[in-house]
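As given, the protein sequences belong to chains A and B, one line each in that order.
The UniProt record's numbering puts the first sequence at residues 1 to 288.
The UniProt record's numbering puts the second sequence at residues 1 to 141.
Everything labelled a hint here was simulated from the structure, so no lab data went into it.
Keep in mind that a hint or two might mislead.
[What the hints assert, rightly or not] Just the calculated beta-carbon pair ranges, DEER-fashion:
no., chain 1, residue 1, chain 2, residue 2, range
1, B, Glu133, A, Ser94, 32 to 38 Å
2, A, Gly87, B, Glu103, 22 to 28 Å
3, B, Ala107, A, Val265, 16 to 22 Å
4, A, Arg54, B, Ser66, 24 to 30 Å
5, A, Asp206, B, His57, 31 to 37 Å
6, B, Met138, A, Glu106, 28 to 34 Å
7, B, Arg100, A, Gly142, 17 to 23 Å
8, B, Gln119, A, Leu264, 42 to 48 Å
9, B, Arg100, A, Gln163, 17 to 23 Å
10, A, Arg98, B, Arg47, 45 to 51 Å
11, A, Ser30, B, His57, 47 to 53 Å
[Said to hold, decoys possible] Derived pair list, reagent style SDA-like, types lysine to any residue, alpha-carbon separation capped at 25 Å:
no., chain 1, residue 1, chain 2, residue 2
12, A, Lys144, A, Lys249
13, A, Lys144, B, Ser40
14, A, Lys144, B, Thr83
15, A, Lys133, A, Leu222
16, B, Lys99, A, Glu148
17, A, Lys107, A, Gln188
18, B, Lys99, A, Thr9
19, A, Lys193, A, Tyr207
20, B, Lys99, A, Glu162
21, B, Lys99, A, Lys19
22, A, Lys58, B, His6
23, A, Lys31, B, Thr83
24, B, Lys99, A, His146
25, A, Lys144, B, Ser18
26, B, Lys99, A, Gln163
27, B, Lys99, A, Thr17
28, A, Lys19, A, Leu264
29, A, Lys144, B, Asp8
30, A, Lys133, A, Glu165
31, B, Lys99, A, Thr181
32, B, Lys99, A, Arg128
33, A, Lys5, B, Ser40
34, B, Lys99, A, Phe67
35, A, Lys144, A, Thr181
36, A, Lys193, A, Lys268
37, B, Lys99, A, Lys268
38, B, Lys99, A, Leu222
39, A, Lys133, B, Ser18
40, A, Lys133, B, Ile16
Note that the coordinates shown come from a computational prediction; the quantities given were computed from them, not determined experimentally.
Backbone N, C-alpha and C fix where the C-beta goes; we use that ideal spot for every residue, glycine too.
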Amino acid sequence: MAGAKEIRTKIASIKSTQKITGAMEMVAASKMRRAQDRMNASRPYAEKMLQVIRHLAKASPEYRHSFMAQSREIKRVGYIVVSSDRGLCGGLNSNLFRRLVVEIREKQNEGIETRFCTIGSKALGFFRRFGGKVEAQVTQLGDKPHIEDLIGTVRVMLNLFEQGEIDAVYIAYNEFVNTMTQRPTIRQLVPLKADDEMRPSGPVWDYIYEPDARLVLDNLLLRYIESLVYQAVVENGACEQAARMVAMKAASDNAGNLIDELQLVYNKARQAAITQEISEIVSGAAAV
Amino acid sequence: MAMTVHVDIVSAEGAIHSGLATMVYAPGEMGELGIAARHSPLITRLRPGDVRVENDHGEMEHFYVSGGMLEVQPDVVTVLADTAVRAENIDEAKALEAKRRAEDALAGQTAEFEYAKAQAELAEAIAQLRAIEKLRKMKGR
């Protein structure tokens, strides 16, 4: 049978693909662990900051920063969309975009305009196809994102908010639940949702401010929002590696199955060729 | 035993230091600060510089911060350190840069869009050819 050689080359090529996916799985697993560490490392900063902001909100209710005001009517909203730079990570990005599209349609039905900032090249590519007003973007953050690279993008959105161009800022990213599960999430960044602990209650004490409360609060809020964005980026990075690990594991398993099946087909083809050859010789001998 | 205060130095990218100290020195915006235990609550911005922590063994530890915030409570001192050099004009320049990148990326749209369009047309042509081939086979039979 003619197929034997072709089947053999096919098996060889699948084997080399399997090696590649196997290697990618291991790389993703080790990167995931590091990404998770980074995710946990950034938490104390944001938590500490939230504590201070809560306290400030409680202690000086006379000054309300625009990020904390709740009164504006919402006509236009901005989204900061966090995605990965690379593909081959299962449905991670497409799940997020699908969730986002549902949200955008809802907003459009309510007559709310949308603007976007993208982080990661997949999100940028998506908005190119989908259409949408992209105000700023940053790509190629690598495995170790730095807050420095995000300042510009966040700033564009916050500037739009302060100028009244948009009335709320959301962030869309994947939440890391565990290795198998990543949940597309959309959270409101600005205006900050006031929680119960921000309302004045109990004995009130105040800080000594240097130089004054307003400047300190401005600074804190800006950094707090940046750190939230940074956290989302780091968390999305951990999700990316986890999703890639799972996707590559599935790919390696599939390659294994395919090889097993092809091996059976190959054996049959080989056996058929031998049988044919023998019968040819025997019938040839009988004819003589 | 001297009175101690808990010191945390954290940045957005990770915790830098955590421990007890008898005295903390930091470059506040209005001047150098020295903070001992039971200092009254204070909050200030930091200038880039050296944060020195004198721990309970009397040793001095140095940490460089490129700015940030300092929060003081009677029993806790927290340094929220920046990881980048920050200034209003630098931030603004970064914002402009991010905007320009978006514009560039969207301007490059046409080339890629045409590629996608060509691909779609090609797929359609292939489908047509296949249909024609099928028809021929049916006729030939």
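Does the structure break any of the earlier hints, and which numbers would those be?
Hint check: 3, 6, 8, 11, 13, 18, 21, 27, 31, 33, 36, 37, 39 and 40 fail, others pass.
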